[in-house]
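Produce the entire structure from the sequences given, and follow the hints as far as they go.
Residue numbers for the sequence shown follow this note's numbering, so the first one is 191 and each next one is one higher.
Source of the hints: derived by calculation from the structure; they are not laboratory data.
All C-beta atoms, glycine included, are put in the ideal place defined by N, C-alpha and C.
Fair warning: there could be bad hints in the mix.
What the hints assert, rightly or not - With a Cα cut of at most 20 Å, we get these calculated SDA-like pairs of lysine to any residue: (1) Lys298 with Arg228; (2) Lys298 with Phe309; (3) Lys298 with Leu342; (4) Lys345 with Val247; (5) Lys236 with Asp308; (6) Lys298 with Leu316; (7) Lys301 with Val246; (8) Lys301 with Pro237; (9) Lys304 with Val246; (10) Lys298 with Met313; (11) Lys345 with Met222; (12) Lys298 with Pro320; (13) Lys301 with Met222; (14) Lys298 with Asp326; (15) Lys304 with Ile234; (16) Lys301 with Leu319; (17) Lys304 with Asp235; (18) Lys298 with Phe278; (19) Lys304 with Ser323; (20) Lys345 with Ser330; (21) Lys345 with Glu335; (22) Lys304 with Arg263; (23) Lys236 with Pro320; (24) Lys345 with Arg229; (25) Lys345 with Lys301; (26) Lys301 with Phe284; (27) Lys236 with Pro307; (28) Lys298 with Arg263.
To be verified - Beta-carbon label-pair distances, calculated as ranges: (29) Cys203 with Glu243: 37 to 47 Å; (30) Ser300 with Arg197: 16 to 26 Å; (31) Arg199 with Lys304: 37 to 47 Å.
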Amino acid sequence: KQWYQRRVRGCLCKLLESLHDNYTFAQPGIQMKVHDLRRIVSRIDKPLDEHLERNVVEYLQFSFRWMNNLLMREMPLTATIRLWDTYFSEPNGFSHYHLYVCAKFLTKWSKLIKSLPDFQAIMLFLQSLPTSSWTDDDVSELVSEAFQLKCLFPKAVTSVAGTT
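This is the structure:
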């Protein structure tokens, strides 16, 4: 029993340590992740980035929630558990790998988002993504694509306050 308690405590400490900058004054961790997300998306899907810009959709307006809640509100609990399991197994999973997951998560909907005509339609879609029936397979595909992205752009994540 003590082994499990130590393991759970270790995982919790790892999670809290990696997210510290997200929850300090002015939330520099989240601010930097939103900035980095836009940089990555503009490199991997410039037409999507330009469509969002043309329609005055700021990344902060939709991705703040993704960064703050680690996509927990965007998919079913079982899918979130699968996603977080990957974060725990990746070095800097919560602090860095999550950014690559968010980039792939956004670009997954690229074709549909680019077909939406205006700010309101885009925001309504991004605030209610069709993920309610997502399974482990959907998350596995997402994290696999995110890993490929991480390998392509390993230095895309900006460190804040000494995090690595």
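Verification of the supplied hints:
no., hint, in the structure
1, Lys298 with Arg228, "15 Å, holds"
2, Lys298 with Phe309, "19 Å, holds"
3, Lys298 with Leu342, "17 Å, holds"
4, Lys345 with Val247, "26 Å, violated"
5, Lys236 with Asp308, "18 Å, holds"
6, Lys298 with Leu316, "12 Å, holds"
7, Lys301 with Val246, "18 Å, holds"
8, Lys301 with Pro237, "10 Å, holds"
9, Lys304 with Val246, "13 Å, holds"
10, Lys298 with Met313, "16 Å, holds"
11, Lys345 with Met222, "13 Å, holds"
12, Lys298 with Pro320, "11 Å, holds"
13, Lys301 with Met222, "26 Å, violated"
14, Lys298 with Asp326, "16 Å, holds"
15, Lys304 with Ile234, "15 Å, holds"
16, Lys301 with Leu319, "14 Å, holds"
17, Lys304 with Asp235, "11 Å, holds"
18, Lys298 with Phe278, "23 Å, violated"
19, Lys304 with Ser323, "23 Å, violated"
20, Lys345 with Ser330, "23 Å, violated"
21, Lys345 with Glu335, "17 Å, holds"
22, Lys304 with Arg263, "23 Å, violated"
23, Lys236 with Pro320, "23 Å, violated"
24, Lys345 with Arg229, "11 Å, holds"
25, Lys345 with Lys301, "27 Å, violated"
26, Lys301 with Phe284, "27 Å, violated"
27, Lys236 with Pro307, "17 Å, holds"
28, Lys298 with Arg263, "17 Å, holds"
29, Cys203 with Glu243: 37 to 47 Å, "39 Å, holds"
30, Ser300 with Arg197: 16 to 26 Å, "39 Å, violated"
31, Arg199 with Lys304: 37 to 47 Å, "45 Å, holds"
In this structure, the hints that do not hold are numbers 4, 13, 18, 19, 20, 22, 23, 25, 26 and 30, in rising order.
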